[in-house]
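Sequences listed follow chains A and B, in order. So the mapping is simple: my numbering equals the position in the first sequence, first residue as 1, plus 2. So the mapping is simple: my numbering equals the position in the second sequence, first residue as 1, plus 1.
These are calculated hints, taken from the structure and not from any lab test. Some hints here could point you the wrong way.
[Claimed, not checked] SDA-like cross-link-like pairs, simulated, lysine to any residue; straight-line CA separation at most 20 Å:
hint, chain 1, residue 1, chain 2, residue 2
1, B, K417, B, Q173
2, B, K145, A, K40
3, A, K40, B, K160
4, A, K40, B, D485
5, B, K484, A, I18
6, A, K40, B, H487
7, B, K357, B, R571
8, B, K145, A, E43
9, B, K160, A, E43
[Stated by the list, open to error] Chain B side only, calculated, beta carbon under 10 Å to chain A, not exhaustive:
hint, residue
10, Y42
11, H67
12, H213
13, R329
14, E488
The beta-carbon is built from N, C-alpha and C at its ideal position, and this holds for glycine as well.
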Amino acid sequence: MSIERIDPELCTGCGICVNSCPMDVIRMDEKGEKAIIKYPEECMCCDYCELDCPVDAIYVSPEKYAPLMVSWC
Amino acid sequence: MSQARVVETDVLVIGGGIAGCFAAIKAKEQGLDVTIVDKAYAGKSGSSIAAGGWWMVFNPEWGHDHDASMEDVTVNGEYLNNRDWDEIILKEAWATYRDLVSWGVEFPVASDKIEGYWDTYFTGPRAARAPNLPWGIVPLRHRKTSPVLRTQAEKVGIKIVDRIMITDLLKQDGKMVGAVGFSYDTGDLHVFKAKATITSGGNNCFRSPGFHTACLTGDAEAMAYRAGAEITGKEFPDTHFNLANYPAWKSNAELYAAYMYFTDAEGESINGTVGFDLFMEFAVHAGRGPVIWDLDAAAPGDVEAMREYVRKRANPVEAERIGLDYTRGGKYPCIGGSAAGVSSQQTSGVWVVDTKCATSLPGLYAAGDSCGARVCGASHRGPGFGVTGAAVTGKRAGLGAAEYALQAEKPVTDEKELARLKELIYAPAQRRSGFSPRWVTQVLQNTMIPYFILYIKHGERLQAALTIVEFMRDHLVPKLMAKDPHELRLTHETANMVLNAEMILRASLFRTESRGLHYREDYPRRDDPTWLAWTKVKKKQGRMNILKEPVPREWWPDLFKPYQQRYPERFPRE
């Protein structure tokens with residue numbers, strides 16, 4: 003499913019990944035302390051968040067993923 | 002979300018990739034106040050994130066041949082290349098390379114020893130069909146270039162505003178005076194008032210998951226079109242390919258760079274030319290797919306060349322993650338046209354009327370992938386023209402916009418027009434019923450991305466797709482809904498993609514011939530007397546109108562030369 007996890011134990015809250023993502027998948031949590039996966043549907047598997055993370059807290063899976071197409075919505 | 006932030010500047014640059022950064026830096030050098038606004042993070046977003054290609058260097062002292070270069074790009078571009086622009090890019094490529102070095106970009110080869118002829122990087126039968134490039138190319142380190150450009154832009158005092166979705170250009174008394182958009186973090190309205198505006202927002206793609214360019218949703222062309230500009234070249238699709246099993250695989254450097262040997266599913270070689278072409282799509286259309294990248298056929302020398310190339314490019318390699326080890330061979334299914342919806346680089350885009358990147362709208366300049374300079378004509382030539390073309394058109398746009406801004410008056414914006422645009426921006430957030438942008442995007446993908454619509458074209462199928470896209474334009478786009486500012490961005494992107502789809506289909510229907518990357522099954526030959534011309538779409542009384550702009554006579558091929566000699570590449574059934 004593209005971006006799979008941001009390890010909250012490792013995340014230092016630096017926010018680099020938020021700016022690395024051109025798709026606005028990642029945001030800081032409400033307290034502004036940790037990065038969270040907010041909009042996974044938009045992930046394009048570019049891996050830039052993972053590559054830019056200074057503490058290797060992010061994992062992007064190579065598995066293909068597409069949301070199910072429902073009739074209208 | 003109603004608080005408006007207003008920025009006043011001399012030159013506004015929309016999109017901070019390679020083209021936008023070059024444009025901003027050159028405009029700033031003229032002593033002006035310059036602002037870059039980016040949909041994501043200037044220096045990291047757009048095509049620049051994938052710009053691990055080749056920088057062109059052209060230096061006659063090193064044996065680079067001017068006439069051979071012009072001939073190469075002209076034959077490959079099938080006579081639709083703008084030769085004035087090709088001359089400029091060859092001439093100015095060296096200066097952009099020196100700019101990058103002086104700003105701190107490290108190239109993996111020493112600057113006094115430019116290698117990079119085609120055969121240095123390419124092996125196998127695909128390369129054997131092409132002679133050396135007549136110009137030089139230097140491999141770029143993936144993702145290492147544009148962050149340096151951002152740092153340089155900040156250093157010289159350019160203002161950068163990140164994470165703003167620009168929706169529309171501002172017009173006052175027939176002149177372009179900035180742009181409006183919103184923050185998808187806060188939802189706040191942002192108004193940029195500028196004496197001159199440069200659009201460098203990249204190309205369009207349909208959010209296809211086959212390339213890391215899903216952030217490019219044709220915003221630049223869409224907003225320029227809505228403002229009344231002319232958009233050219235939409236009928237020529239980009240055909241970058243990638244691995245089917247991991248479509249967003251970034252390490253495709255190996256795939257592009259080294260052992261370019263492909264077969265159909267039966268194992269028969271289907272190698273096309275060395276420019277970008279439709280060879281994969283032709284095989285699939287003939288029922289011989291999937292296309293296979295056949296590493297088993299690679300000789301030890303090919304593997305060594307690949308290893309060397311990957312080392313020089315210093316690409317992040319996560320090949321292991323998908324079980325790919327190119328040193329051990331293997332057969333890997335490929336997808337053609339993986340950046341579906343992208344049109345040929347710098348051939349498609351906002352029509353520029355001169356070599357200063359001015360558009361038909363006073364005060365609006367275009368650079369990079371959204372600049373319709375027609376650099377490579379009907380088929381993207383590949384190494385060198387993409388990123389270096391972005392830098393050169395960027396520089397030229399920066400200088401052109403600065404020259405204009407220096408004599409322009411302080412921008413005045415019409416409050417009524419601002420109120421109208423503001424209402425358009427936030428309308429999806431007000432709706433309580435309608436359609437989600439993700440669903441509409443998915444319908445659009447399913448309509449446009451099939452190979453038999455976007456690549457292997459036929460009038461009947463194009464018309465069928467156009468009927469659906471027109472329905473989407475009239476019935477789905479006006480009812481897009483957004484729950485939050487993030488989704489508000491999606492609604493505007495979706496509307497822009499639908500508009501780009503209509504441009505692609507209309508331009509493709511209009512060009513009743515085949516040429517370069519545009520293949521019509523119902524018109525499988527080039528038609529020189531009729532179609533040595535560019536297409537332009539333009540809004541007229543609210544509808545999409547399409548125009549033909551003839552290629553100057555002096556750039557035509559010799560029509561007494563036999564067809565087969567004018568055009569070395571064959572289309573199926575021509």
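Hints, verified against the model:
1. With a CA separation close to 11 Å, the supplied pair K417 of chain B and Q173 of chain B stays within the 20 Å bound.
2. For the given pair, K145 of chain B sits about 27 Å from K40 of chain A by alpha-carbon distance, which is inconsistent with the 20 Å threshold.
3. For the hint pairing K40 of chain A with K160 of chain B, the CA-to-CA distance comes to about 28 Å; that exceeds 20 Å, so the pair is violated.
4. For the hint pairing K40 of chain A with D485 of chain B, the CA-to-CA distance comes to about 12 Å; that is within 20 Å, so the pair holds.
5. Between K484 of chain B and I18 of chain A the CA atoms are separated by roughly 26 Å; this puts the pair beyond 20 Å, and the hint is violated.
6. At most 20 Å may separate the alpha-carbon atoms for a hinted pair to count; K40 of chain A and H487 of chain B meet this at roughly 10 Å.
7. The suggested pairing of K357 of chain B with R571 of chain B is violated, with an alpha-carbon distance near 36 Å, which exceeds 20 Å.
8. A distance of roughly 27 Å separates the Cα atoms of K145 of chain B and E43 of chain A; the hinted pair therefore is violated under the 20 Å criterion.
9. At most 20 Å may separate the alpha-carbon atoms for a hinted pair to count; K160 of chain B and E43 of chain A exceed this at roughly 32 Å.
10. Annotation: Y42 of chain B was flagged as interfacial toward chain A, and the flag holds, the nearest CB pair being 4 Å apart, inside 10 Å.
11. This hint is violated: H67 of chain B has a C-beta 38 Å from the nearest C-beta of chain A, more than the 10 Å allowed.
12. The beta carbon of H213 of chain B comes within 4 Å of a beta carbon in chain A, closer than 10 Å, and the hint placing it at the interface holds.
13. Here the hint on R329 of chain B is broken, as its CB sits about 18 Å from the closest CB of chain A, past 10 Å.
14. At about 9 Å, the closest approach between the beta carbon of E488 of chain B and any beta carbon in chain A falls short of 10 Å, and the interface hint on this residue holds.
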